[in-house]
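Undergrad: Protein sequences appear in the order of chains B and P.
For the first sequence, my numbering assigns the number 46 to the initial residue and increments by one for each residue that follows.
For the second sequence, my numbering assigns the number 706 to the initial residue and increments by one for each residue that follows.
Hints should not be assumed to be uniformly reliable.
Unchecked claim - Derived lysine-lysine pairs resembling BS3-like cross-links, with alpha carbons at most 27 Å apart:
id : chain 1 : residue 1 : chain 2 : residue 2
1  : P       : 936       : B       : 82
2  : P       : 951       : B       : 317
3  : B       : 345       : P       : 880
4  : P       : 937       : B       : 77
5  : B       : 345       : P       : 865
6  : B       : 279       : P       : 960
7  : B       : 223       : B       : 247
8  : P       : 936       : B       : 49
9  : B       : 247       : B       : 110
10 : P       : 902       : B       : 279
11 : B       : 51        : P       : 937
12 : B       : 137       : B       : 101
13 : B       : 375       : P       : 722
14 : B       : 376       : P       : 880
15 : B       : 376       : P       : 951
16 : P       : 929       : B       : 376
17 : P       : 937       : B       : 247
18 : B       : 375       : P       : 949
19 : B       : 120       : P       : 865
20 : P       : 865       : B       : 49
21 : P       : 961       : B       : 317
22 : B       : 215       : P       : 937
23 : B       : 375       : P       : 880
24 : B       : 228       : B       : 216
25 : B       : 345       : P       : 722
26 : P       : 936       : B       : 120
27 : P       : 949       : B       : 279
28 : P       : 820       : B       : 82
29 : P       : 949       : B       : 317
30 : B       : 345       : P       : 937
31 : B       : 279       : P       : 880
32 : B       : 376       : P       : 949
33 : P       : 961       : B       : 77
34 : P       : 960       : B       : 317
35 : P       : 951       : B       : 375
36 : P       : 961       : B       : 345
37 : B       : 51        : P       : 722
38 : B       : 247       : P       : 865
39 : P       : 880       : B       : 51
Please keep in mind that the hints were generated in silico from the structure rather than gathered at the bench.
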Amino acid sequence: MEAKTKDLWVFVETNEDGTAKNVGIELLTPGKMMAGKQGGALVAVVIGSGVDEAVKAANEHGADKIIVVDGPEFKHYTTDAYAIALCTLVEKYGPTSMLIGATNNGRDLGPRVSCRLHTGLTADCTALDIDEETGNVAWTRPAFGGNLMATIICPNHRPQIGTVRPGVFKKSDAVEAKAEIIKEDLHVAEDQIRTQVIELIKEMGGENVDLEGAEIIVSGGRGVGGPEGFDTIKALADTLGATVGASRAAVDAGWIAHAHQVGQTGKTVGPKLYIACGISGAIQHLAGMSGSDVVVAINKDPDAPIFDVADYGVVGNLFEVLPVLVDEIKKARG
Amino acid sequence: MNILVCVKQVPDTTEIKIDPVKNTLIRDGVPSIVNPFDGYALEAAARIKDKNPDTKIVVLTMGPPQATAAIKECLAIAADKGYLVSGRTFGGSDTLATSYILYNAVKKVEELEGKFDAIFCGKQAIDGDTAQVGPELAEHLGYPQVTYGLEAELDGDMLKVKKEVEEGVEVIGVKFPCLVTYTKPAWDPRYPTIKRKMAANRAEIPVLGDDAFPDIDTTRIGLKGSPTNVKKTFVPQKKTGGVKIKEEDNTASAKKLFELLSAASII
């Protein structure tokens, strides 16, 4: 389709309580820069149920316009309801570009929407830029398990769409809320939603493994030695209010559930602090965590590749280092 | 029950090395494997067949002629039949063009094998990592989709899919026909048996070539029919300037780490 405007859209995914997922607000930061270079407005698209909080967050982080779709059928994410809503909006308003957070839901929705609109999608981007002459977005993403980076363009189709990894961009400082808010009376009939949640089996312990939204992650790998070794990892995570991650080796060994896995076959994360304990640093693991702001590595092997990406690397036994670190943190916090 | 499993032959990305001088990928000598996520999709189909022996599993792949090896591997593990989509006009396709060709291929294979109740794919291929082709194929077909599946079972006119979510596992009910993409489950996929392997080696793999789809819109396939194209590729820079800590013992190292992290206001 042809773009009707030069606007750049950011899809702001919401939680079931109506708050915004971090990544949607983060994407307003590059969105502002890109909308400026494209010569259009920055538009946040908020879809969910009872989304006042999400709208407020978008308004305080630089959106010029906010399009809101609010209804009970959007409380729990479904591919069908969200794809219908987003495609309807795109066809009505015709943005030139659209950013979607590369969460599980974002990566479920993006290809469905881009295919319906017959346009290009670039998945899981880690860098964005605009060619001011053509208005083409330069979407940069890792491939081959992080061994190679590729820059992709979508020159002849609009909107050009990309999913962007959580944690790559930072939320801007809050600004004066002055967005124009457009409430769309858009609803999806029950029979158009072809999937239903029958049951939710919570992970043992009832913990919610939100690695993608985590600010701090403490991860364990082969060096943790067994399931009981993760107690040491959890102790540090609890002290820091962090989420527990794991390498593929630890998950494959059956020491911890796959939901904790960081890396190419697990989650891609971008926390402020990533503490890798007993993780050698295979490229597939690095692919999932190299977007972290600060990386701390603790490993017995001084030649472990994880030290190549670590800001702080401790060569030592994690079972002796972590408890001391926990004590020091507790002491400092009184 | 008639299940189609879409697979891709990929280079084993764990074996890829970087040329230290030219700073490019060394692809020579890297073994080709069945994309591991597609293996999980095949395993999910095989588990349905374990409980429902009248299930037929057909495998579809698109790629160069040597991708028949991937189909033969699937035949040796659990598949009953396999088709290769291979043609010069398909080369250079991005995910949208690829999914459009696969859509045409599904329709063609259905003429020969009967309609598929479910289409299973891997969540993503480990070379491109896009996770786009499955949902795009579902969209072309107009089918509902479930992504991040672990296992599925039949329940009347519905497929019950265990889906990995942040909180644990969600059980999703979806009507046939549908498309499910699979991620890594907690169990290992089965291995081929010697008997199946020998039969697979002898199997003829039908090829759907450039002329197999007379009605395909040629403006939507190949490099020219792809909305996205690769502008450049490069090897990522390694991070430098990290601090290495190795004090006289682990306690001292831990204290040093804490000092540095608090001084930098990280914790």
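Undergrad: Are the hints correct? Go through all of them and say.
TA: Hint-by-hint comparison with the structure:
no., hint, in the structure
1, P/936 <-> B/82, "holds, 20 Å"
2, P/951 <-> B/317, "holds, 24 Å"
3, B/345 <-> P/880, "violated, 52 Å"
4, P/937 <-> B/77, "holds, 25 Å"
5, B/345 <-> P/865, "violated, 45 Å"
6, B/279 <-> P/960, "holds, 19 Å"
7, B/223 <-> B/247, "violated, 40 Å"
8, P/936 <-> B/49, "holds, 26 Å"
9, B/247 <-> B/110, "violated, 38 Å"
10, P/902 <-> B/279, "violated, 45 Å"
11, B/51 <-> P/937, "holds, 25 Å"
12, B/137 <-> B/101, "holds, 24 Å"
13, B/375 <-> P/722, "violated, 43 Å"
14, B/376 <-> P/880, "violated, 57 Å"
15, B/376 <-> P/951, "holds, 22 Å"
16, P/929 <-> B/376, "violated, 63 Å"
17, P/937 <-> B/247, "violated, 43 Å"
18, B/375 <-> P/949, "holds, 24 Å"
19, B/120 <-> P/865, "holds, 21 Å"
20, P/865 <-> B/49, "violated, 42 Å"
21, P/961 <-> B/317, "holds, 20 Å"
22, B/215 <-> P/937, "holds, 26 Å"
23, B/375 <-> P/880, "violated, 53 Å"
24, B/228 <-> B/216, "holds, 24 Å"
25, B/345 <-> P/722, "holds, 24 Å"
26, P/936 <-> B/120, "violated, 39 Å"
27, P/949 <-> B/279, "holds, 24 Å"
28, P/820 <-> B/82, "violated, 49 Å"
29, P/949 <-> B/317, "holds, 20 Å"
30, B/345 <-> P/937, "violated, 38 Å"
31, B/279 <-> P/880, "violated, 41 Å"
32, B/376 <-> P/949, "holds, 24 Å"
33, P/961 <-> B/77, "violated, 40 Å"
34, P/960 <-> B/317, "holds, 21 Å"
35, P/951 <-> B/375, "holds, 23 Å"
36, P/961 <-> B/345, "holds, 16 Å"
37, B/51 <-> P/722, "violated, 42 Å"
38, B/247 <-> P/865, "holds, 17 Å"
39, P/880 <-> B/51, "violated, 40 Å"
Checked against the numbered hints given earlier, the structure breaks hints 3, 5, 7, 9, 10, 13, 14, 16, 17, 20, 23, 26, 28, 30, 31, 33, 37 and 39 and satisfies all the rest.
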